[in-house]
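Colleague: If you want the building blocks of each chain, they are given just below.
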Amino acid sequence: MPPFFSNKKLILLLTSLILLVALIGFSLKERKQLSWPEQFIHDTVGWFQVVLNRPAQYVAGFFENIEDIKNVYEENKTLKKHLQDYAQLDAKYDDLKQRYTSLEKQLHINSTTDIMASKTHIALVVSRSFDGWNQQLTINKGRQQGIEINDAVVTADGFIGKVKTVSQFTSTVTLITDQKSNNEISVKVINKDGTNGMIEGYDPNKNVLLLKKLRVDAKIKKGDKVVTSGMGGVYPAGLYIGKVKSVGSDRYGLSKNAEIEPAANFNNIDYVNVVERSAISGNDSEGDNGQ
Amino acid sequence: MKQVKLFIVLLVFLLLQGTVFQVFSLRSFGYNLIAAPHFILIGVLMIGFFYSRTIALRYALIFGFLIDLVYTDVWGVYAFCITITTYVLLLVGKHFNTHIVIILLTAMIATLLLDMEVYGIYTLIGIAKQNFTLYTHQHLAPTLILNSVFTVICFYPLRALCERLKES
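If you're matching them up, the sequences are chains A and B in order.
Position one of the first sequence corresponds to residue 0 (numbering that gives the first Met the number 0), numbered consecutively onward.
Position one of the second sequence corresponds to residue 0 (numbering that gives the first Met the number 0), numbered consecutively onward.
Heads up, a few of these hints could be off.
[To be verified] Distance condition first, Cα-Cα at most 30 Å in a straight line; then the derived DSS-like pairs of lysine-lysine:
{"id": "1", "chain 1": "B", "residue 1": "165", "chain 2": "A", "residue 2": "211"}
{"id": "2", "chain 1": "A", "residue 1": "91", "chain 2": "A", "residue 2": "80"}
{"id": "3", "chain 1": "A", "residue 1": "179", "chain 2": "A", "residue 2": "118"}
{"id": "4", "chain 1": "A", "residue 1": "118", "chain 2": "A", "residue 2": "91"}
{"id": "5", "chain 1": "B", "residue 1": "128", "chain 2": "A", "residue 2": "224"}
{"id": "6", "chain 1": "A", "residue 1": "163", "chain 2": "B", "residue 2": "1"}
{"id": "7", "chain 1": "A", "residue 1": "218", "chain 2": "A", "residue 2": "163"}
{"id": "8", "chain 1": "B", "residue 1": "165", "chain 2": "A", "residue 2": "8"}
{"id": "9", "chain 1": "A", "residue 1": "96", "chain 2": "A", "residue 2": "212"}
{"id": "10", "chain 1": "B", "residue 1": "128", "chain 2": "A", "residue 2": "31"}
{"id": "11", "chain 1": "A", "residue 1": "187", "chain 2": "B", "residue 2": "128"}
{"id": "12", "chain 1": "B", "residue 1": "128", "chain 2": "A", "residue 2": "221"}
{"id": "13", "chain 1": "B", "residue 1": "128", "chain 2": "A", "residue 2": "179"}
{"id": "14", "chain 1": "B", "residue 1": "128", "chain 2": "A", "residue 2": "242"}
{"id": "15", "chain 1": "A", "residue 1": "205", "chain 2": "B", "residue 2": "128"}
{"id": "16", "chain 1": "A", "residue 1": "8", "chain 2": "B", "residue 2": "1"}
{"id": "17", "chain 1": "B", "residue 1": "1", "chain 2": "A", "residue 2": "255"}
{"id": "18", "chain 1": "A", "residue 1": "163", "chain 2": "B", "residue 2": "128"}
{"id": "19", "chain 1": "B", "residue 1": "4", "chain 2": "A", "residue 2": "28"}
{"id": "20", "chain 1": "B", "residue 1": "128", "chain 2": "A", "residue 2": "220"}
{"id": "21", "chain 1": "A", "residue 1": "96", "chain 2": "A", "residue 2": "69"}
{"id": "22", "chain 1": "B", "residue 1": "128", "chain 2": "A", "residue 2": "7"}
{"id": "23", "chain 1": "A", "residue 1": "212", "chain 2": "B", "residue 2": "128"}
{"id": "24", "chain 1": "A", "residue 1": "244", "chain 2": "B", "residue 2": "1"}
[Claimed, not checked] Per label pair, the in silico range of CB-to-CB distance:
{"id": "25", "chain 1": "A", "residue 1": "67", "chain 2": "B", "residue 2": "32", "range": "36 to 46 Å"}
{"id": "26", "chain 1": "A", "residue 1": "62", "chain 2": "B", "residue 2": "32", "range": "32 to 42 Å"}
{"id": "27", "chain 1": "B", "residue 1": "152", "chain 2": "A", "residue 2": "82", "range": "30 to 40 Å"}
{"id": "28", "chain 1": "B", "residue 1": "61", "chain 2": "A", "residue 2": "89", "range": "20 to 30 Å"}
{"id": "29", "chain 1": "B", "residue 1": "32", "chain 2": "A", "residue 2": "63", "range": "15 to 25 Å"}
These are calculated hints, taken from the structure and not from any lab test.
Glycine included, C-beta positions come from ideal geometry on N, C-alpha and C.
With these hints in hand, go ahead and build the complete structure from the sequences.
Modeller: And the structure:
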């Protein structure tokens, strides 16, 4: 048997270790744009992924339908209950809307700041990182369809992440469950005093987002809704994230921490909405990298 | 040119990892467990055992890097880990015979090694933040089971393919 490591192999191993560290260092820094070989690989692989992903989604959808049929009776009961409240709510809504528009007119506010006015793209999720560490999706729309870096990504339930890289026909999305430290979101708690805070991480065991560094006197309680605040200029304001699950104080009692249960389900994502940033960046504090 | 078939097989494995096995992942059934499919590693190991070691190592590097590009945003981790795991196990496995049980054991050791290497490197960079005990329960055990099952399933077809390529 030859020696386990000959000199040549040892040198090769050390060189590749150095190369590994260099590559990691290079790829961890923020980059504005992918080089064309990367874009080519992303797009080619993405095309094949669509081909494999569609049948799998259909099969999964079939099993889901069977599950749904089981719950039809229960659902119908609760929906009927909701329907009774609906007429009331509708009338209230109309009344409020009228009042809102008239007040808006008096104050001469133009409604470009409205989140509903921003343009969204519906995209299909074609693949997902397979190890639990990277929380990354690939979607089947890219620069050609008008997606840009740092666009916010939502599902029907709520906010899930942002666009990380863009190729010509595909793009990758980093979820808010990603553990990387630069993945922070500035949020607002909808309560009486409108507390602002930062989401600084995710606890995969409890499935909660960690909202930290709130003021001690913040009147935040369980069940309060949390939305993006639009500060910092990365995400548009008013995207729904989830509800407060529990509130506690930090180790020294100087600030409050809260756990937020995300509204979106991160395990079964098949379609996403990409919210275009250019529609919002008009009223933001920074507008230089909107286009 | 003979190896186009091997390339296609590995490409399909690469795609399976991210598409089909994510639609039917344990998490989507409501378990808080992660079974990471390391199919490229298993495919490359079998090519090394039944076809050629140098070609296996070459593919390990190429497809490891493809995994890095497509599924992660840190380059080089999978390329390095898959290549070195394959290299070590092929070096040791040279002296074994190629019975299915031996291959299964080798593949299991390889899966363990690869997953722990990746966990180690990602912990160093700060991407993985999970303590080791929890990691072995939630991550390592399901991964090991999934990849063992996959090894058994693809053992005979891959061996047949490699032997046909060797003869021609």
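Colleague: Take the hints in turn and mark each one as holding or not.
Modeller: Hint check:
1. B:165 with A:211: Given that 30 Å is the threshold and the Cα spacing comes to 61 Å, the pair is violated.
2. A:91 with A:80: Satisfied, since the Cα-Cα distance of roughly 18 Å is no more than 30 Å.
3. A:179 with A:118: holds, 28 Å
4. A:118 with A:91: OK: residue 118 of chain A and residue 91 of chain A at ~28 Å, within 30 Å.
5. B:128 with A:224: Cα-Cα ~27 Å, so holds.
6. A:163 with B:1: violated, 38 Å
7. A:218 with A:163: Violated: residue 218 of chain A and residue 163 of chain A sit about 34 Å apart, past 30 Å.
8. B:165 with A:8: It holds: about 28 Å lies between the C-alpha atoms, which stays within 30 Å.
9. A:96 with A:212: Roughly 35 Å between the alpha carbons, so the hint for residue 96 of chain A and residue 212 of chain A is violated.
10. B:128 with A:31: holds, 27 Å
11. A:187 with B:128: Holds, at about 26 Å.
12. B:128 with A:221: holds, 27 Å
13. B:128 with A:179: holds, 9 Å
14. B:128 with A:242: holds, 24 Å
15. A:205 with B:128: Holds - the C-alpha atoms of residue 128 of chain B and residue 205 of chain A are around 14 Å apart, at most 30 Å.
16. A:8 with B:1: holds, 29 Å
17. B:1 with A:255: violated, 64 Å
18. A:163 with B:128: holds, 21 Å
19. B:4 with A:28: violated, 37 Å
20. B:128 with A:220: Status holds; Cα separation ~28 Å.
21. A:96 with A:69: At roughly 39 Å apart (the allowed maximum being 30 Å), residue 69 of chain A and residue 96 of chain A break the hint.
22. B:128 with A:7: violated, 36 Å
23. A:212 with B:128: holds, 21 Å
24. A:244 with B:1: violated, 59 Å
25. A:67 with B:32: 36 to 46 Å: violated, 24 Å
26. A:62 with B:32: 32 to 42 Å: violated, 19 Å
27. B:152 with A:82: 30 to 40 Å: violated, 50 Å
28. B:61 with A:89: 20 to 30 Å: Violated - the Cβ-Cβ distance for residue 61 of chain B and residue 89 of chain A, about 60 Å, lies outside 20 to 30 Å.
29. B:32 with A:63: 15 to 25 Å: Because 20 Å falls inside the window, the suggested range holds.
Violated hints for the displayed structure, listed by number in ascending order: 1, 6, 7, 9, 17, 19, 21, 22, 24, 25, 26, 27, 28.
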